[in-house]
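Chains B and C: place on chain A using the hints.
Residue numbers (the working numbering), protein chains in the order written: chain A, 1203 to 1494; chain B, 735 to 1044; chain C, 811 to 1189.
Hints are computed from structural coordinates only; laboratory data are not their basis. Careful, some of the hints might be misleading.
Computed Cβ-Cβ distance ranges for the label pairs, DEER-style [to be verified]:
| hint | chain 1 | residue 1 | chain 2 | residue 2 | range |
| --- | --- | --- | --- | --- | --- |
| 1 | C | Val992 | B | Pro877 | 25 to 33 Å |
| 2 | A | Leu1277 | B | Tyr1008 | 14 to 22 Å |
| 3 | B | Glu1007 | C | Gly1049 | 41 to 49 Å |
| 4 | B | Glu1007 | C | Lys864 | 20 to 28 Å |
| 5 | B | Asp907 | A | Phe1480 | 36 to 44 Å |
| 6 | C | Glu1113 | B | Leu968 | 28 to 36 Å |
| 7 | A | Tyr1460 | C | His996 | 43 to 51 Å |
| 8 | C | Val962 | A | Glu1255 | 53 to 61 Å |
| 9 | A | Tyr1460 | B | Leu1001 | 29 to 37 Å |
| 10 | A | Pro1321 | C | Lys864 | 37 to 45 Å |
Remember, it's a predicted structure, so these values are computed and weren't measured experimentally. Beta carbons are placed, not taken as given, at the ideal position from N, Cα and C, and that holds for glycine.
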Amino acid sequence: MLEQYLLSGITTGAIYALVALGFAIIYNASHVINFAQGEFVMIGGMASAAFFEAGLPLPLAVVLAIGMATLVGVLIEKLAVEPARDAPVVTLIIITIGASILLRGLATLVWDKKIHRVPAFSGETPITIGSGAGSATLLPQVLWVLGVSAVAVALLAWFFRRTLTGKAILAVSHNRLAARLMGISVRRVLAVSFGLSAALGALAGVLIAPIAFTSWDVGVMLGLKGFAAAILGGMGSSAGAVAGGLALGLIEALGAGYLSSAYKDVFAFLIIIAALVFLPHGLLGRSAAERV
Amino acid sequence: MPPSASRKPVLILAALIAALPLALPNDYTYEVAILVGLNAIVCVGLNLLIGYAGQISLGHAGFVGLGAYGSAILAARYGWPAWLAMPASVAGVALLAWAIGRPILRLKGHALAMGTLGFGIIVSIVLATEDRFTGGPDGMAVPPLLVQGEKAWYWIVGAALVGAVWLAQNLIDSPRGRALRALHGSEVAAGALGIDAAAHKLSAFVISALFAATAGALSAHYAGFITPGKASFLHSVELVTMVVFGGMASTLGAVAGAAVLTTLPQLLTVFKEYEMVLLGAAMMLTMIFMPRGLVPTLEKALAAARRRPR
Amino acid sequence: MVLRTLLGALALALPALLQAQPQPIRIGAFLATTGPAAFLGDPEQKTLELYVEKLNAGGGLLGRRLELVAYDSAGDAEKARGYVKRLLEQDKVDLLVGGSTTGETMAAVPLAEAAGVPFISLAGAVVIIEPVKKWVFKTPHTDRMACEKVFVDMRARGVAKAALISGAGGFDRSMRAECLKVAGKHGIQIVADETYGAGDTDMTAQLAKIKATPGVQAVLNAGFGQGPAVVTKNYRQIGIGLPLYQSHGVASKQYVSLAGDAAEGVRLPAAALLVADTLPDADPQKKVVVSYKRDYESRYKQEVSTFGGHAYDGLMLAVEAIRRAGSTDKAKVRDALEATRGYVGTGGVVNMSAQDHMGLDLSAFRMLEVRKGDWQLVK
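With the rest of the complex left out, here is chain A:
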């Protein structure tokens, strides 16, 4: 049974990791916690379901859905975050909260309030690993979730370290003024960050929709868990986001399996709080010097 719990934990953990990465990227570029991150996940799932139901082949539907979410992310940055760029961070957070409400409302108007399914990328026949008491089953879709997430994380690492835009984003996250002095357009960096986070969120939504379905409010819980994972791993650290996501998924699954399934979320949050008390900057976060 442990194997089944581990698989279950890694599956949900991978999704949390993608959402957490989205939080980390936006936070790095703007110090804003984007409460609308969960809604990007929702747009990914719902848009791909809608495009598929309209008759488009699945791969095209998926790509269009991610593209749509990226566009929405950039629009939010341009229309809502940029005009308020000099406002206190708390105000920006409230703006993203308003954006999340707006997006959910739009989702019920553009699509509907029903639950939708998206077909699995490569079928539904479960794969069995191991045998006897130590066996576990997983859906092929889970392999897609894990595989694509790993590729996405690797691509991001390459992007941040090897491309000019990626390095510009990192520069802005370290010191905005210095970056500007070096000729980096902070506006462009912000737009790219939001677009990138939206794409990541939508990717998570698209990957998980065949397993857990999608609906207009699927982003609320996932956004919350992704946020928790990002902080657990160390807000602002990409590796931390992934580590936090996987850790949260595993804690939930093991908690449900070995303790009480009713209190698995309580268990997970208690562990997160305890971890933060001992490691205030998260699992992989760096301790920052505080300016007086």
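Below, chains B and C alone, put in the same frame as chain A:
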């Protein structure tokens, strides 16, 4: 600051509360006013924590819920009279806030946000799961107070709100309040001045929890019914939004934020399926154009108008 | 001169004429058309709108127009309370229909009782009508009935030990509590009791625990929304070969289409509405369910659900009661509601009494099985 200045918010508020019934045509509008008042009490307390002490709490609805359920369970399951159950519940919540405050307030920034968020969620899950005590997610009935009727409750909540604002203003203008504001500016610098940061943060936390629990207990007995939704994460976010929207570090701002964000959904309901879209858009636009919040922006506009040469 | 006299007479008569225009009968509704219970509230709202329109087209009720005043309580008990206040105080409705979820209903109950307005609830938990409240009635079958129907069927298949898995919502937990209470009476022992959270994407951990429980012979999932669909898929994925029962909370084609092939062989208790076309002609409900299904589906191009059916029953019971009472006098309508006998609705045949404000018995529930993506009546 001259001592009379701090009494202005209390007087303005008391005058508003006394005059409002003239504009309320029926019991339903009284109900909305009472809800505004209850939210305002929580917000005034939360504002002390967020606006003055510079901390963040994403789980304050947890205290509201605990205050409500504490009083409800004592009254409904143990037969305590309401006037005893309410203060007992509030005191219990204050004690809990004191106990968990010390470890949680050691966290800063996002870690603190996560810590308070986690607390709020844990509370709402426990309330929803322990159905034997709490009636589960469908909630439980609460024996009403001896006083009944919207008009009577309006005056009770109104008095409680005036009391809350008066307490908050007194705190802000006291040496303790100034210490809090110093903390907000810079914890390290304040420490260098001999201010015990931990103790002051804890007291702001406990006081705001007290206000929240009081509002919770009152709302339980007013409505005659409570559900775990009172302690939900969404409700915590709503409360923080009200404080920021109205203007942080402004007691009247907290009241104004509560007033606008409680009545706005009621007004927008005529738009049926467009309600969510309009609410989200309204929040975004107001924060973009009034980034410091409603009341500070209005105050600045008034001051600028006064300063203009005639 | 004559003209002036005529005009004067008209002016004097006008107020009287306007007065004589009959006031519409106001039906107040508070439904969860958005929020987590939206797939309850949405068909309920559509049904009420459709039939209020039809009734008005047919001349109204007692010579008066029907007016529907509906608000969206979004599954939130506090919002529901506020809207019921608004309906009673501001809109001054004659009767209340609504409360898609139990939480919303229970928040509204004290208001309806205090105001003395008949209230027909569309929610499921047994606590709504037990203990009986003077002004409160309900149309859906109770969660206790669902448990009993499932346990009776389990017994018939030789099951003695069953596992329970439920979600965190009000419906889930209420039904779970009822099932734990009545299982013993029907000779079923509950050997595992697992839960999952709202919005959870994977229940394999809980199901693995159930699979490993010694002696378990069947599993009952008490829930609604997307949880049961995920449970069903996970169930097949980890290869639990035991009979799976769902609750009436997923009595809609949406569940079948979401769960796909995994739903094959799943049984659940549901109203006859779902198998309207395959009911034998002699079935007393046949006419009503076929007619409702036809009206709803042709108008909204969506499959019927039992939730919309309960709203239909609620409205029709109210209309019948007002007709029998001959007025909208609230006390008379209440008495007429309580005296309902032999009303054939989508949920079953309703016989109310002073002790029973729901009026359905276990036979109103049919046991259905999913076969090839469609419902089949289990004999």
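Worksheet item: Are there hints from earlier that the structure breaks, and if so, what are their numbers?
Response: Structure breaks hints 7, 8, 9.
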